[in-house]
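Work the whole structure out from these sequences, hints included.
Under our numbering, the residue at position 294 of the sequence shown is numbered 294, and the numbers go up by one with no gaps.
I should point out that these hints are in silico values taken from the structure, not numbers from a laboratory. On a predicted model such as this, the values are computed, not experimentally measured, just so you know. You may find that some hints are simply not true.
As the list claims (entries may be wrong) - DSBU-like, lysine-lysine: derived pairs with alpha carbons at most 35 angstroms apart:
#1 Lys-102 to Lys-368
#2 Lys-315 to Lys-366
#3 Lys-65 to Lys-368
#4 Lys-123 to Lys-102
#5 Lys-131 to Lys-224
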Amino acid sequence: MTAPAFINMYQQLIAEPSISALDPQLNMSNYSTIELLAAWCENLSFQVEITELDSAPGKFNLLAKRGEGEGGLMLAGHTDTVPFDDSRWSYDPFKLSEVDNKLYGLGSIDMKGFFAFVIEAIKQLDTQGAKLAKPIMILATADEETTMAGAQEVAKHQSLKPEFCVIGEPTDMVPVFTHKGHMSTAIRVTGRSGHSSDPARGLNAIEVMHKIIAKLLQLKDTLKNKYSIEHFAIPYPTLNLGHIHGGDNANRICGCCELHLDIRPLPGLSIQELQLLLLEAVKPINDEYPNSVAVIDLHDPIPAFTGTTDSALVKLAEAVSGEQAIAVNYCTEAPFLQQLGCETIVMGPGSIEQAHQPDEFLAMEKIKPSQEKITQLINELCFKTKKAT
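If you want it as structure tokens, here you go:
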């Protein structure tokens with residue numbers, strides 16, 4: 001049976017809206033969630049530091065620490081959620097709903113709920129009389145779902161030096177040791193509009209974009225054929241043409257056309273190299289139509305997370321979870337938090353299949369085994385004085 005105190009924490013986390021969005025009308029502060037976490041951490045004798053992001057006023061990180069010195073374990077997660085389509089939800093996204101042995105709510109697995117597991121684990125260890133042997137830290141970040149600005153600012157923290165970091169994204173408690181990166185890029189063609197009856201007096205941006213797309217499809221094949229890592233289910237970098245718009249009327253020469261594409265680089269394939277490949281792909285078209293093509297990052301690119309299967313943290317996580325560490329195609333804050341110099345994995349409760357979906361839920365039968373594994377991991381890395389139950 002799930003403890004009422006745990007469910008109560010879950011309810012409070014879900015009830016605090018903390019949507020992160022590039023659309024200002026949807027974007028929200030995460031401060032109320034940070035305040036909630038701060039109170040829980042202070043009650044467990046953590047020293048709490050709340051920092052407003054330099055790059056995103058109104059957004060906040062929390063760093064809570066218990067224990068002296070460097071090293072130890074940092075348990076990290078983001079406090080923001082994606083926006084939601086109310087018409088596609090069967091339940092109130094901001095009210096925890098228990099239906100058919102599932103806990104529904106926005107952020108239930110991606111990933112505000114992780115903090116309830118962490119707080120519950122520390123409470124259990126304290127109740128058992130376990131004594132802290134190494135520092136334990138809880139990191140709660142802002143804007144992971146958009147710019148990852150929170151994690152990027154943490155990566156610059158000169159005095160923060162954990163030995164290990166576990167990021168509690170939903171992996172069904174399977175350790176993730178490496179993942180792909182993410183680039184979102186706009187290619188904008190600026191032509192010359194005019195009346196469709198005289199094509200020579202304009203430059204049709206859609207026709208130019210047609211030539212660019214042909215080059216991008218060649219690049220897509222190059223990425224697939226040149227780069228490969230067998231750990232990944234999709235072993236090559238992917239390039240997706242995701243969105244295109246241009247023109248305003250059938251009888252006008254299109255003056256502007258814009259294409260948005262998504263690239264998922266593998267570890268070892270740098271953002272700089274990919275950006276150069278993109279520029280090289282469109283260069284012949286820009287040479288043919290000077291200054292007509294612009295390549296624009298839609299957000300700061302996120303590098304791939306490069307880990308190894310033989311690190312001490314991976315080996316421990318495999319032993320605790322009973323699962324072999326895997327590589328995944330999505331991305332997290334791991335490449336930024338790894339810059340602190342810590343061994344890093346991604347491992348948390350809930351299924352990634354529920355992330356960013358209507359009626360996001362945590363299966364209740366997963367709560368007890370997930371809680372046991374999180375508690376054991378914390379015990380092994382920070383307490384080490386008695387067996388966690």
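Evaluated hints:
{"no.": "1", "hint": "Lys-102 to Lys-368", "verdict": "13 angstroms, holds"}
{"no.": "2", "hint": "Lys-315 to Lys-366", "verdict": "22 angstroms, holds"}
{"no.": "3", "hint": "Lys-65 to Lys-368", "verdict": "26 angstroms, holds"}
{"no.": "4", "hint": "Lys-123 to Lys-102", "verdict": "24 angstroms, holds"}
{"no.": "5", "hint": "Lys-131 to Lys-224", "verdict": "51 angstroms, violated"}
The structure shown violates just one earlier hint, number 5.
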